[in-house]
Amino acid sequence: MLERFFISIRPVWFYALLLLLPLGWFAWGATTGTRLLGDDNESTETLGAPGTRGSHGHAGRGLYFHK
Amino acid sequence: MSDILTPRPESAQLNCPKCTAYITYYDVAGSEYYACPNCHAYFRYSGEETPKVIGSYQTPTHEVPLIPLGTLGMLGGFRWRVVGFVERYEYRSEQYRWTEYQLYHPETAEYAQLAQYRGHWMLTRPNKEKPAQARFNSRSVTTPEGTYNLYNRYQARVAWAVGEFDWDIEGDDQLKIAEYILPPLMLVQERASDKTVTWYRAEHVEPSEVAAAFGLIASAMPIREGVGAVQPDPSTTRWPALRLLTTVAFFVLLLTQIGQHLRYPDRDLLKASLQVVADTTAKSAPGTGKVLVSPSFTLDHQAALEIDLTTTLNNQWLELPVSLVNEQTGQGFEFTKNIEFYNGVEGGESWSEGSRNADAVLSRVPAGRYHLNFYPFTESGPAAPGIEVRVTADPPLWSNFFVVLLLILIYPIWQYLRRASHETKRWSASDYGPSAD
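Here the protein sequences come in this chain order: Z and V. Quick note on numbering: the numbering used here labels position 52 of the first sequence as 52, and the sequence is numbered without any gaps. Quick note on numbering: the numbering used here labels position 17 of the second sequence as 84, and the sequence is numbered without any gaps.
To be clear, the hints were calculated from the coordinates, so they are not data collected in a lab. Predicted model, so just to flag it, every value in this text is computed and none were measured. You may find that some hints are simply not true.
Stated by the list, open to error - Below, computed lysine to any residue pairings styled on SDA-like, alpha-carbon distance capped at 25 Å:
no.	chain 1	residue 1	chain 2	residue 2
1	V	K243	V	S286
2	V	K404	Z	W25
3	V	K404	Z	G38
4	V	K357	Z	E42
5	V	K338	Z	E42
6	V	K404	Z	T44
7	V	K404	Z	R4
Pulled out of the complex, with its shape left as it was, chain Z reads as follows (with noise of 0.2 Å):
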């Protein structure tokens, strides 16, 4: 069944390798509970730890807008 798996995806074999990044990413994701997109850690101490890339914008106080 799998023998016949592959010579069905051969016209598209670079394709099927290829997918293997999107999906090793998204194995390592799940396996290390990270979000893909980044999370919202701002914290410069644990920049090399967790994910620290915001996905959120951050404002400061000094920024802070309101009504």
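Using the hints provided, position chain V relative to the given structure of chain Z.
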């Protein structure tokens, strides 16, 4: 008495009855009509009587023969010799012009036409079997290969010709022609005035194949315009494999997501209610709240944490820096949420703006014992809000699933749109396309 096979002469010569130029012809037994390459007289000569001039082609040709008469070439597994060239046009739409090379197979004395229209090539041969479900005015023809759809209906005229022919090409004027396509194949139906129907089968040929077959320079080939009637979509051969692979990748993704969730189901580590209390010390700015500290909680493995905040804000804003502190290592994670919620009634209609809730996700938080510190800052005046906080470990992170799903789908979607565009362009040259009445 035994049969003695007389070898068929490879070629013979005759004189044009109008200009007396020597004309070499190759189907010595079969050719009967000739167009002189010198004076362009069209005449009949069956080998016995005196050649009889029927007419003369005066119309300047739009296209000269790319493949010289007499050229031999291997195409579609057969060795062909180019023996004739005809430029035709649609009777009622003269702008539609195409050329046909008459190909002769010396070994079997069979014929084929190599047609070229706007850089698209087709090899046409007689169809030995009449399609079972074919009527003259039908919009489709069904064969064991599939359903051919009507692409064009027309009558043709000869604009210019040169070479030899085994039938009267001028007699084709009376034919009513219908073309049915199933790319890369075409069925051509020719209906004579006596209602005799003849079928031909055509197949798309790549220009590079034609060039290779007859020793032509690729750069000399006519430039392809648009999509040919039976030009196959280049992605057609890859599409079933791509569809299968995408389906498998989708289920791998889905099963990984579900498997991860079953292995580490999301669970609440902390649920607490906190009340903002104004800091009234002289050094603090108005609106500053006292630091709030949540109860401690334990994370037993590295995971993502989701922190949900639900406030009791009412017509006020709250700026809320939050720190997640590892009590054993001192490692800190920080984020700030700006929350505001306003509502009221105006002109008899109630309105609201903003939200009382906010949430944050922290990635790759190591195992350990943690608590949360809150540093609230709100406008002074209204009642200080309360905060419900909930910390969840291993949230499903569906955004990961959808981001990767999008990446997986980009190429198949692009291919799908390309296929759709190819078909749209193909049928744009037809009056009988899917969008036609």
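Name the hints, by number, that the structure is in violation of. 1, 2, 7
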